[in-house]
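Asker: Chain residues, written in single-letter form:
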Amino acid sequence: MSGWMDSILQGLLLGAIYGLFATGLSLVFGVMRLVNVAHGDLIVLSAFLALWIEKALGLPSPFLTLIVLLPLMFLVGYVLQRTILNKALGEDILRPVLITFGLSVIVQNGLLEAFSANPQKLIGGRLETASVHLPGGLMAGAFPLLTLAVSVAVIGLMQWTLYRTALGRALRATSDDRQTAAMMGVKTPHVFALATGIALATVALAGVFTGVRASFDAFSGPDWLIFAFEAVIIGGLGSLWGTLAGGITLGIAQTVGARFSPAWQLLSGHLAFLVILVLLPRGFFPRRVD
Amino acid sequence: MKLLTVSNLNATYGDFQALYGVCLEAAEGEAIAVIGANGAGKSTLLNTIAGSVASKGDAIRFAGEPIGGLHPWQIVARGIALVPEGRRLFASLTVEENLLMGAYSRSRDAHSLDEIYKIFPQLRSRARQSSLSLSGGEQQMVAIGRALISKPRLLMCDELSLGLAPKIVGEIYETLALIRERGVTLIVVEQNVRQAMAFADRVYCLQEGRVSLEGISTQLHPDQVSRAYFGIRQNQSQGDLPDLDSGSPGVRSDFNSEASGPTNSGFAGEGRA
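Sequence lines, in order, name chains H and G. Residue numbers for the first sequence follow the working numbering, so the first one is 2 and each next one is one higher. Residue numbers for the second sequence follow the working numbering, so the first one is 353 and each next one is one higher.
FYI, nobody ran anything at the bench for these hints, they're computed from the structure. Here the structure is a predicted model, which is why all the values come from computation and not from measurement. Incorrect hints may appear among the rest.
[To be verified] Incomplete in silico selection of chain G near chain H, CB under 10 Å:
#1 N399
#2 A433
#3 E449
#4 N450
#5 L565
#6 S569
Beta carbons are placed, not taken as given, at the ideal position from N, Cα and C, and that holds for glycine.
Work the whole structure out from these sequences, hints included.
Answerer: Laid out in structure tokens, this is it:
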């Protein structure tokens, strides 16, 4: 029995990182109906940048690179949206897909050139091995617990921004009706660029946490993208808390599947995704109106 | 000096030209009505002034300065607000959030929510409701309040009476008259010609993108208006105004549901009452 409980707990903690992966994807889709196919590659880019910044500045921990990486990725997102993606938005949802697909290819090959094809890993130090005793004889790693706390904090902060600030109001209004929002005084290209900037700041976080958790190479992005997509769709398109719930569902399906056989880990995650897609095509927290 | 001067304005959507050499003026404090049949270019005219449809050069001047080529958010900051056709409320925002959006670019200059609730008292109790849950008339009040909160010098209203009961339309025009008394210049686009002519100082009639008639509303003969409106000589005309009151069947009703259907947000948001 406690074996099952342990699997579910580990799945929940694994799911937290999927949730962190997917938050930026969910935000950008929710606000702009923009499907960012390069999302996974941007996470890998962040992980490599963290590796490089850590070495270049001689920092004692990869987490400290976030001081540089968060604003840097925010800027990358802002400029990317303002210069390229804003021009691709419109009736046709395929255009941004094609553009970000191209971006994905560029990022992968750029990383291959810059960092070679060798797998890399960020070293989290003692935090990686520390663990916490929980009631019921369960153990949880300190780092996965930190990941969960960060995921919840990030989504909570984003939710607060969206529903309690003037910027969030403008984002939701622009998402509803871009033309009318502009006539209310919202500088829509700027607001969209801020949204992508925020999304890429979460990508920076996801990159560092994933890089500490697992090894990565220049071509890890598409694998990570699939988990992110599945989390967003399970949770319901455009719902941030739903995305975290989707990530956790995926994580639990994987660890429970792995109890039957290690080979079943990834497969059972995808199967759970398919089952949920059949039973709840609009996800856990669907939009109210379609 | 005129507050708004539109001179020789052309507007195109791709290959389609919607306005041909339109000239229009509004003095400070004046109320102008723009009438015309479906597709005559009335909404295009307002959208072009508001900056949603691009215009070139100095065809449009506001308070002495050319505003053609400015972005919509720059134009609203100069004091022009639009109540769009079909209201276009933000569906995922509450009533209060919708009103606050109107003050987005003029946070220091804008009216307070309280002032808007004084004008539309029944919105106060609905502040936290989704804008979708309101009646058509209340939604129109939100749309007007949202435009008004930015303290515009020029308020433009597009088809206020669309899909509303005559009694509600009457109330809304009474409110508009109060707004006018505060010195706000008004341009209303109306299908309801009687309503428009009773309200406005001067009337412009558009027909196929051109101004077919302009004049002081009390001095225009209904026959003249009829002709300018339809663009044909009506043999049977007995001095009646075009029969396009809001109550008449069929008029624009096919557009109605579509135009007033609020858009949908990407957010499955916090639940609200």
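Asker: Grab the minimum C-beta distance from G:E449 to chain H and call the hint holds if it beats 10 Å, violated otherwise.
Answerer: holds (5 Å)
Asker: Taking the least C-beta to C-beta distance, is G:S569 closer than 10 Å to chain H?
Answerer: violated (28 Å)
Asker: With a cut-off of 10 Å, does the beta carbon of G:L565 approach a beta carbon of chain H closely enough for the hint to hold?
Answerer: violated (28 Å)
Asker: Holds or violated: is there a CB of chain H closer than 10 Å to the CB of G:N450?
Answerer: OK, holds: G:N450 within 10 Å of chain H, min 8 Å.
Asker: Just to be careful: measuring from the Cβ of G:A433 to every Cβ in chain H, is the smallest value less than 10 Å?
Answerer: holds (8 Å)
Asker: Under 10 Å, Cβ to Cβ, is where G:N399 needs to be relative to chain H, so tell me if that hint holds or is violated.
Answerer: holds (9 Å)
Against the hints set out earlier in the document, violations occur for numbers 5, 6.
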